[in-house]
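**Q** So the sequences go chain by chain: A and B.
With the first sequence counted from 1, adding 8 to any position gets you the working numbering.
Residue numbers are given in the working numbering: position 343 of the second sequence equals residue 336, and the series is strictly consecutive.
To be clear, the hints were calculated from the coordinates, so they are not data collected in a lab.
Where is the CB? At the ideal position from N, CA and C, for every residue including glycine.
Mixed in with the good hints there might be a few duds.
As the list claims (entries may be wrong) - Mimicking SDA-like on lysine to any residue, the simulated pairs with C-alpha atoms at most 20 Å apart in a straight line are:
hint : chain 1 : residue 1 : chain 2 : residue 2
1    : B       : Lys30     : B       : Leu15
2    : A       : Lys582    : A       : Ala554
3    : B       : Lys30     : A       : Asp122
4    : B       : Lys122    : A       : Asp122
5    : B       : Lys30     : B       : Leu98
6    : B       : Lys30     : A       : Arg11
7    : B       : Lys30     : A       : Lys537
8    : B       : Lys30     : A       : Leu54
9    : B       : Lys30     : A       : Glu222
10   : A       : Lys582    : A       : Val616
11   : A       : Lys248    : A       : Leu54
12   : B       : Lys30     : A       : Leu221
13   : A       : Lys537    : A       : His583
14   : A       : Lys382    : A       : Lys399
15   : B       : Lys30     : A       : Arg198
16   : B       : Lys30     : A       : Ala554
Claimed, not checked - Partial pick of chain A residues on the chain B-facing surface, computed with a CB cut under 10 Å:
hint : residue
17   : Leu21
18   : Leu22
19   : Val33
20   : Glu219
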Amino acid sequence: MDRRRVAVLAAALLLPLAGLEARLVQLQILSPGKYTAELRTRRRTLEVVIPPRGRIVDRTGRTIAEDRPCFDLYVVPEEFEKSPAALAEALGLPPEEIEADVERIYRRIEEQMDRRPKRERIRILERERKAPYLLRRDIPFETAFLIETNAGRFPGAVVREGLRRRYPCGAAGAHVAGYVGRMTAEEYRRRLDEGFFTEGFAAVVGEDAVERLEARGVFQDELTCRDGAERAFDARLRGKCGLMIFEREPGRGRTMVELVPSVPGADVDLTIDIDLQRFVEGELAKTPLDSAAVVLDPRTGEALALASNRVFDPNDFVPPLNRAKVREYLDNQGTLRSVAYQEQYPLGSVFKIVTATAGLENRLIAAGTTIECKGKFRPELRHYNCHIWNKTPGASHGPLDLLGAMERSCNIYFYTIGDGMGAEGLKYWALQLGFGERTGLDLPAEVPGRLPARDALSFAIGQSELQVSPLQVAVAMSLIANGGNRVTPHVRRGGGLPPRETAVSRETVDILRKALQEVVYGEHGTASKAGLKELRVAGKTGSAQAGADRDSHAWFASYAPYDDPKYVVVVFVKHGGHGGETAAPVAARIYQRLLRKAATPPGIWRAVERAADILRRVKERM
Amino acid sequence: MRIARLNWVLLACAGLLCATGLLMLWTFSPPDWDDPKVARNVFVRQAAFLAVGLAVLGVTLIPNYLYARRAAWFLYGACAATLGALLLLARETNGTRGWFDLGPLKVQPAEFAKIATVLALARCLMYVKDLDRWRGLAKPIAVLALPAGLILAQPDFGTAALFVPAFLAMLWAAGARTRHMIAIVIVLAAAVPVAFRFGMKEYQRNRILSFLHPEKVPRELRRQQEQSVKACGAGGAAGRGIQETWGNTAFYIPERHTDFVYSLVAEQFGFVGSTFVLLVFALFLAQALRMAYFSREPFGRLVVVGLSTFLAFQVYVNVGMTLGVAPITGLTLPLVSYGGSSLLTTLISVAIILNVGSRWTPSFSSRDLGGPVEMTAFRPHEELRRVL
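Could you build the full structure based on these sequences and the hints that come with them?
**A** This is the structure we're talking about:
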């Protein structure tokens, strides 16, 4: 060991510090003006880049929801104070409304000030009064042009390009598409805590910077998904926010640097055929009654149409709100609920399919078993009668086998099965066919329905406390149509579970299918109005009692073509009377439409649709 | 240990640097004491780290550093095992596996590995006879290669590279031949282009390219350093004065409170302040090496040399990066930058250096005393008796 070596080392280690010192001299002493000049002129802002939301597309590739470019109006509070009147006139709004909006902006600035220590507040106010704040989204092109070209008349008003969620199909499929709207305060807090907007920012700019961004309120104008596909597939549709630095230097314009790239949202393909959906909604709208129709593909569970007579236009919800319309929707409690899967009703005779399944599977009956209908189930029971007796007391169907009983919808036949099965037995088979639990549809807020626990006789003909949604009926009908497999209905292409086998055997299904065809084409069939020549339809009607003095609920559940089922159509009309009279004709028209669609070459169909679309847009503009 | 023997100058330098760091963090993000989340403020956190670090420093001063000589291999083994576990267990953040995430704390084992490796190297370099032959160099090289390799695999190129000068300095002080050392340097220099081509990730290559050939790298990658240079330049001779740096400065620098903390000093206190900080570092290093010079015990001397070299190079690289004369590496400025692991281990290093300087150890080597020793004149120190 050598002490001299340590001394040499000490000199060697101290020498580079002298080099660094030289660099300091060069930077800070020899070029003093070079950097400080830039310092005075440069303005830097950290800005968040909001990505476009993904599109929602129907099965033919038509857009149901998309982000369209629009002009947003921002104001710089400091300069704006003087001229609300001119701007209100240009926008065609009462000045009070603009003033209320400006008030809101000031409240937001105050919120920011409250969150910082007192000594900083004045400075924050000074700074924020110079920053642009969003006043209104999507102002008309003419107004934007006017403001941009007459900067002197509208001091403090800034027009920027933005994106606005639009639903080109309007009210068609509104429940399925859902809509986006402004966040409530709690929603905003929750999303912020989840790091919804600021994912990945802290690693780049630090937590403090993220908090300051948030304090500026840059995320408060963001929209949230509210319902339907927008809500269900939000994780896919929304992208990820990006972060950018904008620098303004006099004479050199704006430069920007991307710190965190924004990721645009992905598209979602639906199985819905928006044209069919619109047609079905039109059919339902022909009566003023509440009604619903479901069109499923029984092989996969893909939903082609989930229609309800209630309609609303999702465009009304996207800010700036159409206040009058939104208030109207909210006042009419049910408007935002789809009858097709968000409400439940008694099912009536359609449930006889379940009762027959239970009877066949338990060998209580076979296809050829005859039971005699005497009009009354038992003489001593007052209320358990066949409908034919209720119409003309004393009448009866006489001896019937299963096919005959189904064709005429004889109550006595099914009371007998129900009596043998008991409520628990019927419940088991109802669950097998998909009643009494959620079907697993990939849209929010589906109802589960309800199965009664007692009164097996009423249960057997679909009365008592039985409650089902039209979608559940469609799932049950799919099971018959596809030979005993339970499908999971879904609206996202490629979504849903694969069909799974149930306890219902192939033989039972075959017998039921024959019976269901008799209902439509038999001599005494209750659904003769649904019978088409060009397409063999099989189905079952239902007329569920809906209280003492009101018309019963009309149901018709069906599938077609008989030998190779491709469609299941379920129609429900609340208080519509007899299923065969009210619901079956609607189903027939839906089948006709499906046939016509299948027969037309897709190219022609698309051209027709495009023309209709253009017409509609032109109308919108007018 | 006697208080009087403590090197108060060195301790004062360390204290000044820590205080500068806290002041910079205060300006970077002043704590708002009414805010319930004040515990997340960087200033508050760093102050807490400093309190813990000073306590650890005090504790580390008490036992004689020669205990560390006994424990050297154990500590080295533990650190190597931790580094290995880190590669297997830790979650990847920003493409590297450098931290154990223990809830509120992030522990960076590489920082501790520096100290343990210095101790182990000092242990195997003291009293070796065959250091002047290649065979004798094999063992120290192996001791160095294990932790350095594990850190390189994280990958943390900057920290791993720091091991090389520290190792060379220790070899030199231990008496290795100059031509052997030149050979090692040449081999390492030859390995750099190979590592650049095959061993580095895209971002690491860009960092070096942006330093050597700025025009070959997209502007946003050069930006952090460019901004830092501008901020330092804008400080001028006297600085712009203390101010809230995030909201007001025109130069936005990511990671300003950690890796680029020196730019805060340079911008706010100008040439005067930044020179002062460099001078404090110089005084610190001079004092440390003075202790090594006067120490008669080879283990302590080597430890001080190794730790000082680590700190010195970290200062060069960090300040050089901030001033735009070295590539970006992600090394912190010792004692000044924000960061618990870094602060704690640097304070431990300071404690070890102080510990070595404050002990009196007789030497048994006649060479160190400049002639034969009369054994009768030898009166063992009472402290030495306790240790041996």
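**Q** A separate judgement is required for each hint: does it hold in the structure or not?
**A** Evaluated hints:
no., hint, in the structure
1, B/Lys30 / B/Leu15, "holds, 19 Å"
2, A/Lys582 / A/Ala554, "holds, 9 Å"
3, B/Lys30 / A/Asp122, "holds, 15 Å"
4, B/Lys122 / A/Asp122, "violated, 71 Å"
5, B/Lys30 / B/Leu98, "holds, 16 Å"
6, B/Lys30 / A/Arg11, "violated, 53 Å"
7, B/Lys30 / A/Lys537, "violated, 71 Å"
8, B/Lys30 / A/Leu54, "violated, 23 Å"
9, B/Lys30 / A/Glu222, "holds, 15 Å"
10, A/Lys582 / A/Val616, "violated, 34 Å"
11, A/Lys248 / A/Leu54, "holds, 17 Å"
12, B/Lys30 / A/Leu221, "holds, 17 Å"
13, A/Lys537 / A/His583, "holds, 19 Å"
14, A/Lys382 / A/Lys399, "holds, 14 Å"
15, B/Lys30 / A/Arg198, "holds, 17 Å"
16, B/Lys30 / A/Ala554, "violated, 59 Å"
17, Leu21, "holds, 5 Å"
18, Leu22, "holds, 6 Å"
19, Val33, "holds, 7 Å"
20, Glu219, "holds, 9 Å"
In summary, the structure is inconsistent with hints 4, 6, 7, 8, 10 and 16 from the numbered list given earlier, while agreeing with the others.
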